[in-house]
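Engineer: These are the residues of each chain, in order.
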Amino acid sequence: MYDVCIIGSGAGGSPIAYELANAGFKVVVLEKGANYTEKDFNKDELAVSRRDMFTPPLSEQKHIINEYAPDGTFTRYDGEKSGWNFWNGSLVGGSSNLMSGYFHRLKPNDFKLKSVYGEIEGANVVDWAISYEELEPFYDKVEKIVGVSGKIVNHKHQEPRSSLSFPYPELQTNGVTKWFDKACEVLGYESIPTPRAVLSQDALKRRGCYYSNFCGSYGCASGAKGSARAALLQKCEAKIITDAFVYKLESDAKQIKKAYYYTKLGFAHAIKAKIFVVAAQAIETSRLLLNSKNKFFPQGLANSSGEVGKNLIFSAGGSGQGRFVFEKLTQKQQEELMTTGLFFNRSLQDWYEYEAEGKKYKGGTIDFLFEHQNIIPRVKREMYDAEGKLLWGEALAQKIHKTLTTSRVLTFEVFNDWLPTDNCSVSVDDTTEDKYGVLVGVINLNGHPHDLQVGEHLAKKAVKVLEMMGAVEISYNISSAPPPNLVAGGCRFGEDVKTSVLDKNCKAHDLENLYVTDASFMPTGGSVPYTWTIYANSFRVAEVIKKELSS
Amino acid sequence: MQTMKNKLSRRNFLKAGFLSSSVMVMSGCSLFSITTPQETLRVLQDDLFPKAEALGINTSSYLHIVFHHSRISKAEKEYLKNGVKWLNEEAVKLHKTSYVKLLSTQRENVLQNFVKTDWGEVYLADVMNYLFEAMLGDPIYGGNTKEAGWKWLQFEGGQPRPKERYL
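Chains as they are written, first to last, in numbering that gives the first Met the number 0: chain R, 0 to 550; chain Y, 0 to 166.
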């Protein structure tokens, strides 16, 4: 029997594996996908970005999506037929292999949103069961173990830190960042170097970044990116079973007894352990618990509260862009603009909290980055003229060549709270099954109008920066479309057993040996990409499990 | 040990023949002629983006990969094939012969009419999608010969490059 069985090998599960295995406990990790190492990763745009090699085919595994309108009605989408894809990365290390690694901590007020900013009608906002101060040592631990590079600058929303600086210096940046910094200075905004979970130098028995120009969406061939695989799983002796899809947890009234999984060839196996940790990413974690209902838990495992799957959240906001064209630039500026490989790495948090019409709002973060270097979407975007008419022939060739060789796009991403609501949740479909014959997850989607209001406020600030920098063709889009790679909630933690699934240590209220350590525990998501928080919380829970096993 | 409820089916690779299979071109209710996706798509891609051929890039050979790819759905492959039929029927309607037998000015006329319909525009954009994949994907897939597509746009592919095709 194993001491710990972990379901899912991403940012939520791997810190548990790392800490417990390195403490001498017998740990097994069950991962649905395959294993890759640095030697296996390459920059094949067709395979990675157009054929989705790291996610399951929707013809085999999909979701049902119910998109809610403001009047409470919804439209049902079949994931396969619509192409609406919520998979993020089925491989050892999960989607952390494919992240860009924009690493921001949540801030102290993110842990007490209800207390500080008050109730918002139609939203189920609650405070967290822990404070920033309780999580801070683990944010610090992630900086050192996973590896975060950057430079601390003082600004009005800088969160308290126990270490003065990041353990690794900033990554090299493109000369255009100087234009950005100057524009911010004129506007009175505080430009922040974006911390990255990317090593800027050889360290931690991993190689430093080699500036491949293809970071987000791609696996890292040097190990510089702080994926759960490179940073943690390759640094411990946990046993990893790949191609293992966990479809059911078996329990009695008090404890999980076994995890059942299917192999790639369709054979079922079971694993026994003292403690089970579920970290399959929020949607699949709720789906697994709901699909594991039994006579002791007829509504689904750990679901006596009826809260499993409820209050699913994403990251609200949207994105925008502006284009820099040679006609408006000096020769030197043109060269700076077209220098590839180096990062942009700039963020704004001036409006993490702001006032409008006498009311205090929780705002968010704006990250600036160059448009992704994948060339095929950049060329495809040129297929239409200004009136939206399809071009072909010589006219199209000339347009593509001019745009791609004499201009470059700077983009921005807005991150603000996705407020939890009744109509945003996970359930299980009554009849639709995946290739394993297991009922698929249903994603109920609902965006709160407040999210759009805040997102608009932030996007307009970002536009001012692009205007000041001299960009043209500036546009943005703030919407309720959820980013599938930032998903949380569904198994809230809290003190009240009637309104939460997990206790403050992310152990199920209903069961003695079940923990959930992906982003499912989060009642609110903060106004940042929250991978750092998932890592930090998992390291925190690892301490709890270690103590429990040691006693 | 139990087997799962629904047996994992092997992916149904379309073994061969999609590109060279027959497409019946109708004129009203009558069969006008028979063509193949390969024949029409080769000419169509040259018409849509002659720059590729000028760069020494053969985009139509990449269609073999598209029609056999495990991650491109059967519905998408059928759609590509059906568009060949629609395009040829437009050619027959306008010029009384199939697309590949027309003069280049006549083919341009067909495209100008074809694109006025929503479905025609969407189809041509889909064909161009694969054309640009061929021209700008990694040279290992056989289209972007000697990185000619990348060099034309002063683009450097990321490193490391793939050692084998993902099919």
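Treat the hints as calculated values from the structure; they're not laboratory data.
Please note: incorrect hints may appear among the correct ones.
Unchecked claim - Which bits of chain Y does chain R cover? Going by a derived footprint, with three or more residues having C-beta under 8 Å, they are:
no. : segment
1   : 89 to 99
2   : 153 to 161
What the hints assert, rightly or not - The following residues of chain Y were derived to be distant from chain R, with all beta-carbon distances above 12 Å:
no. : residue
3   : 20
4   : 21
5   : 26
6   : 35
7   : 70
8   : 119
9   : 145
Said to hold, decoys possible - FRET-style restraints, in silico, Cβ to Cβ:
no. : chain 1 : residue 1 : chain 2 : residue 2 : range
10  : Y       : 163       : R       : 549       : 19 to 25 Å
11  : Y       : 78        : R       : 387       : 17 to 23 Å
12  : R       : 330       : Y       : 164       : 51 to 57 Å
13  : Y       : 67        : R       : 39        : 50 to 56 Å
For every residue, glycine included, the Cβ atom is placed at its ideal position computed from N, Cα and C.
Engineer: Hint numbers the structure violates, sorted upward?
Structural biologist: 1, 7, 8, 10, 12 and 13
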